[in-house]
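Going line by line, the protein sequences match chains A and B. Going by the working numbering, the first sequence opens with residue 13, and the numbers climb by one from there. Going by the working numbering, the second sequence opens with residue 13, and the numbers climb by one from there.
Simulated from the structure, these hints should not be mistaken for lab results. One should not assume that every hint holds.
What the hints assert, rightly or not - Below are the BS3-like pairs computed for lysine-lysine, each with C-alpha atoms no more than 25 angstroms apart in a straight line:
no.	chain 1	residue 1	chain 2	residue 2
1	B	Lys14	A	Lys133
2	A	Lys14	B	Lys133
3	A	Lys132	B	Lys15
4	B	Lys389	B	Lys252
5	A	Lys14	B	Lys57
6	B	Lys132	A	Lys15
Unchecked claim - Label pairs and their calculated CB-CB ranges:
no.	chain 1	residue 1	chain 2	residue 2	range
7	B	Asp301	A	Gly46	14 to 24 angstroms
8	A	Asp431	B	Glu183	52 to 62 angstroms
9	B	Asp388	A	Glu283	28 to 38 angstroms
For glycine and all other residues, C-beta sits at the position ideal for the given N, C-alpha and C.
Protein chains: 2
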Amino acid sequence: MKKVRVAILGIGTVGGGTYQILTENHDWIAAARGLDIEVAKVLDKSVDRITAKGVPANKATADLNDILSDPSISIVVETMGGVEPAGTFIMKALSAGKSVVTANKELISKRWSELEATAKKNGAGLYFEASCVGGVPIIRTLNDAMQANRITQLYGIINGTTNYILTEMTEKGKSYAEALKDAQALGYAEADPTADVEGFDAMYKLSILSSLGFHTCIPYSEIYREGITAITPADIAVGKDFGYTLKLLAIGKRDGNDVEVRVHPTFVPNEHPLASVRGSFNAVFLTGDFVDDIMLYGRGAGARPTGSAIVSDVVYCAERSAHVYSDFDNNGKLDSAIKLKKDFESAYYISLKLADRPGVLSKITNILGSYGVSIDKAMQHGVADNYAPVVFFTHKTDETSMRKALHEIETLDVVHSVDAVIRVL
Amino acid sequence: MKKVRVAILGIGTVGGGTYQILTENHDWIAAARGLDIEVAKVLDKSVDRITAKGVPANKATADLNDILSDPSISIVVETMGGVEPAGTFIMKALSAGKSVVTANKELISKRWSELEATAKKNGAGLYFEASCVGGVPIIRTLNDAMQANRITQLYGIINGTTNYILTEMTEKGKSYAEALKDAQALGYAEADPTADVEGFDAMYKLSILSSLGFHTCIPYSEIYREGITAITPADIAVGKDFGYTLKLLAIGKRDGNDVEVRVHPTFVPNEHPLASVRGSFNAVFLTGDFVDDIMLYGRGAGARPTGSAIVSDVVYCAERSAHVYSDFDNNGKLDSAIKLKKDFESAYYISLKLADRPGVLSKITNILGSYGVSIDKAMQHGVADNYAPVVFFTHKTDETSMRKALHEIETLDVVHSVDAVIRVL
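Chain A with its partners taken away, still in its complex shape (with noise of 0.2 angstroms):
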């Protein structure tokens, strides 16, 4: 039997779950795969912290030069995350001619090119399916099982912890506080939630999932980002009420060379399957120009959904003599051939409190018309101190059309305020 002799960077979350499959699970992928997989160090800035989780002691280091310097150690799994020390270690790693296997989606998202290099260079792999949607094998997908097609669309809904806080407010009517103090308090979202809630993380998936899907490097900063801390439950119930749910969707197309790349909360029509994606389950939605639509669903975060990813690449890398790398250079500037649409096409919902007079709502519907902007639904929910909490969703239509008109709403003295502008799919 085949033996594989791996190193684990970090043993937080992720290298916990890692170390716990690889050694529970260590006989059966042994029978079913023919390899025999140990886990021969365990890095991490004390050794302490590494035996405390059960590790050997003689397993234990803090010194990277332990698995550099052991040429039996043929992969090095990073699960420390963060782009500092991690990208340090890792291209030492695949210097030392060691594959490297990594959960770290901020680090590929923006180093990719500078690692993928150094691994061809050194004839290493770089496997990085647990940096997207944890046990959701959609790297797996685009490189393995889509290559027939040219993906036209990717829908995603790819982070676990907006996911959990919109279904939250959508089901139990809770503020977004309320629901991000929840999600704190359950693990899913950390003390600092930036990186989640303003759409960092999904930006970064998106940039690589998008990348490998339309084969063409996309560049994390080209990405329309916007979060969900401006949500309200008001709004949410609302699109209940017209069949809608609301999702943070990341959202990748390419029509020949036209691509469009955006992470921003999206009003998902009830029918879609993306609609019922609930708590921290995630879900990408494709569209191959063969494959028609297709739909990969599971666990986006946890130790252990994306343990079973990374060890999931262990056995796919430990398997081949030969290493696949992708066909662009993630150099972080677009091909020149590509067009980046800014002025995306969407359908809108618009919330506003205008003044309770007549003839209000036919401004507002003038000032829309004029820019070419027509309403497929409206509603008036009563009235609220004096004023008309009034709601349209708009037809599609143009960003930039959008936006002049939203502009010259604004300006009128019988709107109080525009509350809110939600993208439609």
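Given the coordinates of chain A, assemble chain B onto it according to the supplied hints.
The following block gives chain B in isolation, referenced to the frame of chain A:
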């Protein structure tokens, strides 16, 4: 760029789709994967049949030897269907050292062992992603993404014909006969629909998927199978009222060495992700000990999605110098360690017509109770032809107790008929 010459055996629907992808997306695949894939030969019963599909005459042949004797052809795609002559042709191709990509679920589930042994002996690859669930990468996921896990459950809607028929019955109230006729008119069902509607197709696929998922041989002959021909729109409507959607479900479970495998109509709770898989779409819902629940959803059939899976196998095969084989021998017998459970546990829906007299209902519930079957919900819906139609939903019970109870119930003189017995997920 690596040149790959491919032959296609059988230019029907799926073979035609494969040819179309390899022609239309040739340059895209070449740019994305560095593979120049050429269809070198297409075989069918007559050359005219092939050229009618737009294949140049110099690539058309009715003689397998034209393919076997061409050493430049490294991959043979089999899209003829049926056990013979497909089986003989594949064996000859493998024996000639050519890798085979096939969409043939019946052949794989009947002769996998022999085919794989021949592939191994000749250093050839054997790939069959397209044999199960069309464009959905379920085999890739089981082989290359779930390696860390013991799969404990596999629930699939893996036959598009029956899912289309049941969806039409559910959403439009059609009878089984009407829905079947419409499915035939649309090309979703064959003139003789037996293989689909009696569950044989799902049984073959479950045999393949559960073998791969559970890492042991599950012969199709060991799978319990029940079709959808006795389903009525009335049962579906009652289920709907109670929050269930009827699906033909393929179910596999493994708990240690206890395995159960079955295909039968099943009421699925509406909250379950499988309940919303409509029309000709398919999905597989898996549970692994580490990954937890995942679901893959997409088109289970059709020229383009199935062609997508075939071409994905062609690329996957062409990119690998060493092929990976299954870890077990599907030799038609269960591994001696495996205990196949025939006495399934399930909740049940029972529909009966009872005499419209006092005390009748309690006779039924007493019998059920005497076999340990407890009732979850019950409903009497009016009186028809002097008989009261009554439905029960039971809690989980074992199959044997339920059968005994039903047998006793059927002999009661107050029971006009037991109209339906459907398992509930």
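**Q.** Hints violated by the structure (listed by number, smallest first)
**A.** Hints 5 and 8 contradicted; others consistent.
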